[in-house]
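Please model the entire structure based on the sequences and the hints provided.
Given next are the chains, with one letter for each unit.
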Amino acid sequence: GAGVSQSPSNKVTEKGKDVELRCDPISGHTALYWYRQSLGQGLEFLIYFQGNSAPDKSGLPSDRFSAERTGGSVSTLTIQRTQQEDSAVYLCASSLGQTDGYGYTFGSGTRLTVV
Amino acid sequence: SQQGEEDPQALSIQEGENATMNCSYKTSINNLQWYRQNSGRGLVHLILIRSNEREKHSGRLRVTLDTSKKSSSLLITASRAADTASYFCATRGSNYKLTFGKGTLLTVNP
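Chains as they are written, first to last, in the numbering used here: chain A, 1 to 115; chain B, 116 to 225.
Hints were generated in silico from the structure; no laboratory data involved. Nothing here was measured: the structure is a model prediction, and the numbers come from that model. For glycine and all other residues, C-beta sits at the position ideal for the given N, C-alpha and C. Heads up, a few of these hints could be off.
[What the hints assert, rightly or not] Facing chain A, from chain B, some residues (calculated, C-beta under 8 Å): (1) H160; (2) L213; (3) G216.
Now the structure itself:
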């Protein structure tokens with residue numbers, strides 16, 4: 001596609017439920033990133049996928065968070081047993097990969113509200 | 116942890132004026148990038164400057180980088196109301212992920 005697509009754009013869920021957030025990167029972009037942005041804050045790195053390499057999961061805040069990337073394309077971020085502090089905008093980005101000189105292309109994000 | 120710290124946190128100017136935002140960082144970088152965010156959703160990449168570059172231009176944008184001071188500045192000339200947004204600097208080290216600051220909220224008044 002022309003851009004990075006994220007779905008759903010908004011999600012309201014009850015505390016304790018599991019949620020899945022989806023990201024469709026730009027075709028041909030080998031690198032995919034998930035970030036989280038709480039209200040009025042900067043972006044917090046969550047996880048990074050590069051091609052077939054093992055993902056960099058160093059930013060995942062707890063074991064309730066997991067992500068996968070199937071076939072080197074679509075990625076799903078799963079949050080189990082959601083808590084109110086998980087409420088944030090979850091942003092996905094893709095880039096051409098490890099080559100220097102390329103910025104990220106971001107999706108419009110998923111606004112998650114845990115009630 | 117936040118690598119880049121933008122200054123000021125908020126800036127309000129009149130249309131036609133120039134806007135300058137600053138970014139400081141702590142560790143060595145491969146490149147530094149500036150992004151714009153409207154309405155708290157997706158970010159748009161504006162400009163990238165490599166660690167061996169000192170200045171770069173793109174349209175009304177001018178970015179400088181001083182690696183000795185670990186700082187960068189973004190200048191928007193002849194600002195427009197449409198430039199109203201949050202602006203973030205992001206640094207990339209050797210591990211390919213970007214680390215973002217908390218941003219500067221720019222308001223351009225018509």
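Now the hints, each set against the structure:
| no. | hint | verdict |
| --- | --- | --- |
| 1 | H160 | holds, 3 Å |
| 2 | L213 | holds, 6 Å |
| 3 | G216 | holds, 5 Å |
In the structure shown, no violation is registered for any of the earlier numbered hints.
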